[in-house]
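For the protein sequence lines, the chains are Y and R, in the order given.
Using the working numbering, read the first sequence as starting at 60 and increasing by one per residue.
Using the working numbering, read the second sequence as starting at 3 and increasing by one per residue.
Bear in mind the hints are in silico, worked out from the structure with no lab data behind them.
Note that beta-carbon positions come from the ideal geometry of N, C-alpha and C, so glycine has one too.
Don't take each hint at face value.
Said to hold, decoys possible - Which stretches of chain R does chain Y cover? Using the computed rule of at least three CB atoms under 8 Å from a CB of chain Y, they are:
| id | region |
| --- | --- |
| 1 | 80-91 |
| 2 | 209-216 |
Claimed, not checked - One-sided and incomplete, this derived list gives chain Y residues near chain R with beta-carbon spacing under 7 Å:
| id | residue |
| --- | --- |
| 3 | D168 |
| 4 | M170 |
| 5 | N174 |
| 6 | R178 |
| 7 | L181 |
| 8 | R185 |
| 9 | L212 |
| 10 | L216 |
| 11 | E220 |
| 12 | E224 |
Claimed, not checked - Interface residues of chain R toward chain Y, partial, derived using beta-carbon atoms under 7 Å:
| id | residue |
| --- | --- |
| 13 | L37 |
| 14 | A148 |
| 15 | D231 |
| 16 | I235 |
| 17 | A236 |
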Amino acid sequence: MRLPLLALLAKEPAHGYELKQALEVTFGSAYPSPNIGQIYVTLGRLEKDGFVRAVDVEQSNRPNKKVYYLTAAGREALEAWVDEPTEGPRVRDEFFMKLVLAPLTGIADRMALVNRQRRHYLSLMRDLGELAERTDPGNRVARLLIEGAMLHLQADLDWLERCQEDLT
Amino acid sequence: MWPAVTSTPVIRATGLVKIYQTGGLPVPAVRGVDLVVEPGEFVAIMGPSGSGKSTFVHMLGGLETRTSGEIWLDGKRADTLSESGWAVLRRQKVGFVFQFFNLVTNMTVADNVELPALLGGASPKHARERREYLLAELGLEERAGAAPGQLSGGEQQRVALARALANQPRLLLADEPTGNLDSRNTRDVLKLLGKVHRQGQTIVLVTHDARVASMADRVVSLLDGQIVDDAPIARLQRRPGGTAGDIVELHG
Ligand SMILES: Nc1ncnc2c1ncn2[C@@H]1O[C@H](COP(=O)(O)OP(=O)(O)OP(=O)(O)O)[C@@H](O)[C@H]1O
Ligand SMILES: [Mg+2]
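The following block holds chain R by itself, in its conformation from the complex (with noise of 0.2 Å):
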């Protein structure tokens, strides 16, 4: 028998439920999910508008309460954990970006990326480091003193990217974070994900955009709260002699 290399799962979710009950009617958002994402992979989630998503990634992340279902995070037991729990669980391991930013708005944009490395435990001089490294690579160093409300929609979308990788965090869970984002900035993104992929980042992220969910090792489609689609994006057999060209097609 060889040794046993079974690495630890990052996350692992077995038969998660939501039901949302606001007023009468019941809502189940998430009905009966499992996943389970490996060290270092990078899952893309799909879905038409309202089939879950959101609701299902707050929950990966504890800013949702589930109805039923475990959640396992890095070998460790997370949907029985409390509000408190949840929050240091995240600090330590959990980067997010949220569909809607969520950024501190009376902290200036510097401080909103340093933040949640300071908490982690890193030094000032490190978390600075790291903050300006990211506001670069996302093209905002130029806006570092800046309130968040001064600045775009897209702005604020990348500064809660950099926010959010700005602990190295062992997880990293993102909504639509090139939603608000023209090509230009969505292309900043792309090239960062794509690096701190390679780094070794694990990534789960919900996408509508294309180009972004073909960055993933694997894509999960969601439909009504169940997962109808989980398998990895193939790299293309071209026959010998076709180039990638062969994709664009020009008639006349």
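Bound-form chain Y, shown alone (with noise of 0.2 Å):
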């Protein structure tokens, strides 16, 4: 979540609630939203590095507030990040172990695992089905990234198929 926040920063200075808030308004429903303790400790961690900055600005009958801003070193992290190709997916398969090394211990018929994780993979698809209904039509950033998380899951299944048709 580093990147993202330093994104957000270097649009304008802002409190952390302010950034749970930015990234839940872009991002949609489609995005698990990160509580509040991880961008704090985020946030702490970048201070550390020196990339952000935070000012205290009184409040008139509430306790300070931190407000953050982007130093010069955080401004080059994030346009190092921006200007570095993004690594492809890489297929780091948990279940591609299980279905490689469980029947060798005997413990799993591989037919057995295939099946049920089709089924795992089709109520999953069934869910983000019914995210896209439930998500805002206006909201084209939520929308491609269900899409995406939609397409991901369609080739999920054919290399599951694949394997079945291979290992089984």
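Starting from two chains that each stand alone, build the complex the way the hints lay out.
Shown next, in the form of structure tokens:
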């Protein structure tokens, strides 16, 4: 979550709660919003690394709040992040590990593993479909995020079918 | 004892086998399949290419003869019917969407869709209303006067679905009904399938598309002509406070 927070702070200084809200508004219900604790922990680390700095802002009848802003080092880190090509998805699939290794131990049979996993993927797909229906059609970011998740899931299912053909 | 409330299954197939005999070598395409589908159920059939999915649903619709086994549709023995017997049964009870559409090329889209309803005994007025409704649901109202040859593959496939649903069949059999569709057109098809399913339509559908399969109550997986899995698609148990968004993972 470090870089997304830097990106939001590059737009304008903000306190932790505002960053949480900005993430929610941008990505919609499709994105599991980080809890405020995670955000403060990340901000603390970014501050320690010199990428952000905080100023205390007095509030009339509440405790002071910390407003964070981006440092020059933070902007550099952000630019480097934007400039570098992003890794493609790697096949690092926990299910595949199970599929290959579990039968060696005799605790599971591959056919049953594949079948259960297929139905699980279809349940996930059904949830995504329902999520898509509930999502504001105007929120293009959220819609694309869901569509991306669906396409990945389809690829996982296709791969599962290949595994079933070749390994069972 | 309570009264028997068991309803007649829409499909009951037992020990279905299909061995193609082309030239020398026999090709066993379906090797002993049992399937029971209750009224109102939506069953998705999945499996790799060549696993026998089309052969299986073609046999269920009487479009391919079986080598052995029994097929009962709506309580009536069907596998022993003659070709014309099957034709009557299909007209009354089965809507079929083929993997490669099979539209009547020298008739308009509208006539293609109305024909099964008319053959099934619907009044011309009713057939027209049903056609208008289905084509509108599939975003095709403007193509009603066109000939199938003037349509894209995806459009033809949607017309084929409209045709199959025209006389509100007891059973909808569909072979890859979204195989040629882009994601927007797939969405129209999904919506219509969901709608007719909620209205009680029994559906057995072959698909590779996870979005289509995920709408089913049950998934049947074929491998080498045999069923290797047949079970409901469960509702996920999410932890309290978790959202469906937990599925979506953004790294960074
Ligand atoms: N008319 C035919 N004559 C001979 N063999 C056939 C015939 N139709 C299908 N087959 C063979 O039967 C097997 C099953 O074919 P089928 O078309 O049912 O598979 P499928 O699961 O529908 O595949 P796909 O996903 O590619 O549509 C294959 O090996 C195929 O080559
Ligand atoms: Mg096929």
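**Prompt:** With 7 Å as the cut and Cβ atoms as the points, is L212 of chain Y at the interface with chain R?
**Reply:** With a minimum Cβ separation of about 6 Å from chain R (threshold 7 Å), the hint on L212 of chain Y holds.
**Message:** Given a cut of 7 Å on the nearest C-beta pair, is the interface hint for A236 of chain R held or broken against chain Y?
**Reply:** holds, 6 Å
**Message:** Interface hint check: L37 of chain R, Cβ to nearest Cβ on chain Y, cutoff 7 Å. Holds or violated?
**Reply:** Result: violated, 16 Å to nearest chain Y Cβ.
**Item:** Interface hint outcome for R178 of chain Y [beta carbon to chain R under 7 Å]
**Value:** holds, 6 Å
**Given hint R185 of chain Y near chain R, where the shortest CB pair must fall under 7 Å** = holds, 4 Å
**Request:** Check whether three or more residues of the region 209-216 of chain R sit with their beta carbon closer than 8 Å to a beta carbon of chain Y.
**Result:** holds (count 6)
**Message:** Restraint: A148 of chain R near chain Y, CB-CB cut 7 Å. Satisfied or not?
**Reply:** violated, 29 Å
**Request:** Answer holds if the nearest beta-carbon of chain R is closer than 7 Å to that of E224 of chain Y; otherwise answer violated.
**Result:** holds, 5 Å
**Item:** Hint check: 7 Å Cβ-Cβ cutoff, L216 of chain Y to chain R
**Value:** holds, 5 Å
**Message:** Given a cut of 7 Å on the nearest C-beta pair, is the interface hint for E220 of chain Y held or broken against chain R?
**Reply:** Nearest chain R Cβ about 5 Å off; hint holds.
**Message:** If you count the residues of the region 80-91 of chain R with a beta-carbon closer than 8 Å to a beta-carbon of chain Y, do you get 3 or more?
**Reply:** Our answer is that it is violated, as 0 residues pass the Cβ test (under 8 Å) against chain Y, missing three.
**Message:** Under 7 Å is the threshold here; is the Cβ of D168 of chain Y close enough to any Cβ of chain R for the hint to stand?
**Reply:** violated, 11 Å
Checked against the numbered hints given earlier, the structure breaks hints 1, 3, 13, 14 and satisfies all the rest.
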